[in-house]
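Line by line, the protein sequences are chains E and B. For the first sequence, the working numbering gives the first residue as 1, with consecutive numbering after it. For the second sequence, the working numbering gives the first residue as 1, with consecutive numbering after it.
The set of hints was computed from the structure by calculation and includes no laboratory data. Check each hint, because a few of them may be wrong.
Said to hold, decoys possible - Computed cross-link-like contacts, EDC-like style, restricted to lysine to aspartate or glutamate with a CA-CA straight-line distance of at most 20 Å:
| hint | chain 1 | residue 1 | chain 2 | residue 2 |
| --- | --- | --- | --- | --- |
| 1 | B | 41 | E | 9 |
| 2 | E | 102 | B | 96 |
| 3 | B | 38 | E | 9 |
| 4 | E | 102 | B | 44 |
| 5 | E | 49 | B | 3 |
| 6 | B | 40 | E | 9 |
| 7 | E | 102 | B | 58 |
| 8 | E | 49 | B | 102 |
| 9 | E | 110 | B | 44 |
| 10 | B | 38 | B | 85 |
| 11 | B | 41 | E | 95 |
| 12 | E | 58 | B | 102 |
| 13 | E | 102 | B | 52 |
| 14 | B | 40 | E | 8 |
| 15 | B | 41 | E | 8 |
| 16 | B | 36 | E | 95 |
| 17 | B | 38 | E | 8 |
| 18 | B | 36 | B | 58 |
| 19 | E | 102 | B | 102 |
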Amino acid sequence: AQSVAQPEDQVNVAEGNPLTVKCTYSVSGNPYLFWYVQYPNRGLQFLLKYITGDNLVKGSYGFEAEFNKSQTSFHLKKPSALVSDSALYFCAVRDYSGGYQKVTFGTGTKLQVIP
Amino acid sequence: DTEVTQTPKHLVMGMTNKKSLKCEQHMGHRAMYWYKQKAKKPPELMFVYSYEKLSINESVPSRFSPECPNSSLLNLHLHALQPEDSALYLCASSQDGGASTDTQYFGPGTRLTVL
Numbered sequence: 001a002q003s004v005a006q007p008e009d010q011v012n013v014a015e016g017n018p019l020t021v022k023c024t025y026s027v028s029g030n031p032y033l034f035w036y037v038q039y040p041n042r043g044l045q046f047l048l049k050y051i052t053g054d055n056l057v058k059g060s061y062g063f064e065a066e067f068n069k070s071q072t073s074f075h076l077k078k079p080s081a082l083v084s085d086s087a088l089y090f091c092a093v094r095d096y097s098g099g100y101q102k103v104t105f106g107t108g109t110k111l112q113v114i115p
Numbered sequence: 001d002t003e004v005t006q007t008p009k010h011l012v013m014g015m016t017n018k019k020s021l022k023c024e025q026h027m028g029h030r031a032m033y034w035y036k037q038k039a040k041k042p043p044e045l046m047f048v049y050s051y052e053k054l055s056i057n058e059s060v061p062s063r064f065s066p067e068c069p070n071s072s073l074l075n076l077h078l079h080a081l082q083p084e085d086s087a088l089y090l091c092a093s094s095q096d097g098g099a100s101t102d103t104q105y106f107g108p109g110t111r112l113t114v115l
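The shape of chain B in the complex, shown without the other chains:
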């Protein structure tokens, strides 16, 4: 099973709202990722967690706050977003993130619209 699940599928929020995106995997993977993808563009890496510790933050604005409560779950907390933050947010996981041969498996994404 190579399934990564994400909730919600769609999210509409105002610029003053606080919301969270959730991601879950049960493959025993120890690395998890958040990506942002604009229409017809490649995914852009935002954060990487390895063994539940934040290992990469690609200079993401503080209005995005990741959290990894345990090895199976990854959250992305959103606050005071801007309309330009509207995008497809993808979660991915991989075995451990450190090996060159590691393969990332993606969830279906959350389509976020900021009004």
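The following block holds chain E by itself, in its conformation from the complex:
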């Protein structure tokens, strides 16, 4: 089965500084990777996905993610963090299991942007 790992439970960054939320993946075949954000007491919002092509994927709200095949990573980045970016971030991978396509989520990383 495919899987993703988010090694950090929480990331703290000062407002205006660049932020990185880490994700590594373990897949057989081509990886299809996603990032979602969840604000408190809300559903998940789709940020971006990697299917194929450019290793740098641009998404919503100024976020981007870099796909690195050699390091099996798909880190989420933003050049300048906003307090409003504080939320829970999930990395996810498309998984084929039990005869059907599913999405497997990482454990999540809480991002705290400090004013």
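Based on these hints, arrange chain B on the given structure of chain E.
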């Protein structure tokens, strides 16, 4: 428009009650999903409907009963729930569920409390 709506936003029920959660999307998506999410944890897949047919049941207890009346609607019928079933229930939809590149879009969730 990538909107998935869910009602109610909050639900409190006793262990002997029968209630239903509702989900609706008008994006023309043919796959719909129910997830359960505990606090600070990733969503856990419960059911998948594809073209109005149940395609995945992740060994969910029978006290949860899904229903897909048409391609835009998804219900989750609840009966004789336990306090440990208290969670955020998320609905999602995607184009058809079968393609590796398919993206799931989530609703805001229903916060369920079982007393």
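Outcome of the hint check:
1. B:41 <-> E:9: Holds, at roughly 11 Å.
2. E:102 <-> B:96: Judged against 20 Å, a Cα distance of about 12 Å means the pair holds.
3. B:38 <-> E:9: holds, 16 Å
4. E:102 <-> B:44: Status holds; Cα separation ~11 Å.
5. E:49 <-> B:3: holds, 18 Å
6. B:40 <-> E:9: Holds, at about 10 Å.
7. E:102 <-> B:58: holds, 11 Å
8. E:49 <-> B:102: holds, 10 Å
9. E:110 <-> B:44: It holds: about 18 Å lies between the C-alpha atoms, which stays within 20 Å.
10. B:38 <-> B:85: holds, 9 Å
11. B:41 <-> E:95: holds, 19 Å
12. E:58 <-> B:102: holds, 17 Å
13. E:102 <-> B:52: Between residue 102 of chain E and residue 52 of chain B the Cα gap is close to 17 Å, so the pair holds against 20 Å.
14. B:40 <-> E:8: Given that 20 Å is the threshold and the Cα spacing comes to 13 Å, the pair holds.
15. B:41 <-> E:8: holds, 13 Å
16. B:36 <-> E:95: With a Cα-Cα distance of about 18 Å, the restraint between residue 36 of chain B and residue 95 of chain E holds, given a limit of 20 Å.
17. B:38 <-> E:8: Holds, at roughly 19 Å.
18. B:36 <-> B:58: Answer holds: residue 36 of chain B to residue 58 of chain B is near 11 Å, not above 20 Å.
19. E:102 <-> B:102: Holds, at about 10 Å.
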